[in-house]
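Student: Residue numbers (the numbering used here): 11 to 159.
Misleading hints may appear alongside valid ones.
Claimed, not checked - Distance condition first, Cα-Cα at most 30 Å in a straight line; then the derived DSBU-like pairs of lysine-lysine:
no., residue 1, residue 2
1, Lys18, Lys103
2, Lys110, Lys85
3, Lys18, Lys32
4, Lys34, Lys54
5, Lys85, Lys102
6, Lys34, Lys18
7, Lys110, Lys34
8, Lys18, Lys54
9, Lys110, Lys54
10, Lys34, Lys102
11, Lys18, Lys85
12, Lys54, Lys32
13, Lys103, Lys85
14, Lys85, Lys54
15, Lys102, Lys54
16, Lys34, Lys103
Quick caveat, the hints were computed from the structure, so don't treat them as lab data.
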Amino acid sequence: MICFATSKITSNSGLVYPVTLKVKANRRCIIRSIEIIELHHQIKLRPWQILDMLSAIFPRYVHSHDTQYEVSFGKNPVENPSMGYHPCLVVKKVGTDIEKRYRLDHCVEAIWALTINPAHLRAMIYWWRCNRNQYNCPTGEWTIWRNEN
């Protein structure tokens with residue numbers, strides 16, 4: 011499956027730039043590549059924007075592996091307590107204390123989703139669809155074109 015996703019990204023200065031990404035994934039919703047087609051050279055995406063896009067691209071049947079992983083919204087402590095915290099998604103292996111925290115507010119390359127364990131990513135996408143309102147940021151509106159070949 012090849013999908014093209016377009017949206018508008020607002021920079022920290024308030025300027026709005028178009029972004030177009032090409033995402034290749036297999037039928038099990040494992041991402042093979044993410045390619046930037048159009049993006050202003052100084053703008054980077056944030057993980058929450060990528061999750062907005064992937065939740066629009068991936069089919070609704072993508073499940074959370076809830077027998078293996080629990081996902082929750084959390085706070086990641088920072089070095090300087092006066093700065094508060096970094097919002098994150100916490101992916102925890104069921105029945106253990108093993109967890110991984112994925113920050114939502116930092117700038118990342120478009121290939122961020124390729125750096126994550128695919129089962130963690132699917133669990134986060136499923137959680138994101140159901141609980142997006144817990145993250146206090148406007149939802150990114152993505153227009154999607156699919157090529158199923």
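Student: Now tell me if each hint is right for this structure.
Tutor: Consistency of the hints with the structure:
no.	hint	in the structure
1	Lys18 x Lys103	violated (35 Å)
2	Lys110 x Lys85	holds (12 Å)
3	Lys18 x Lys32	holds (15 Å)
4	Lys34 x Lys54	holds (20 Å)
5	Lys85 x Lys102	holds (14 Å)
6	Lys34 x Lys18	holds (21 Å)
7	Lys110 x Lys34	holds (25 Å)
8	Lys18 x Lys54	holds (12 Å)
9	Lys110 x Lys54	holds (23 Å)
10	Lys34 x Lys102	holds (27 Å)
11	Lys18 x Lys85	holds (27 Å)
12	Lys54 x Lys32	holds (16 Å)
13	Lys103 x Lys85	holds (18 Å)
14	Lys85 x Lys54	holds (22 Å)
15	Lys102 x Lys54	holds (28 Å)
16	Lys34 x Lys103	holds (27 Å)
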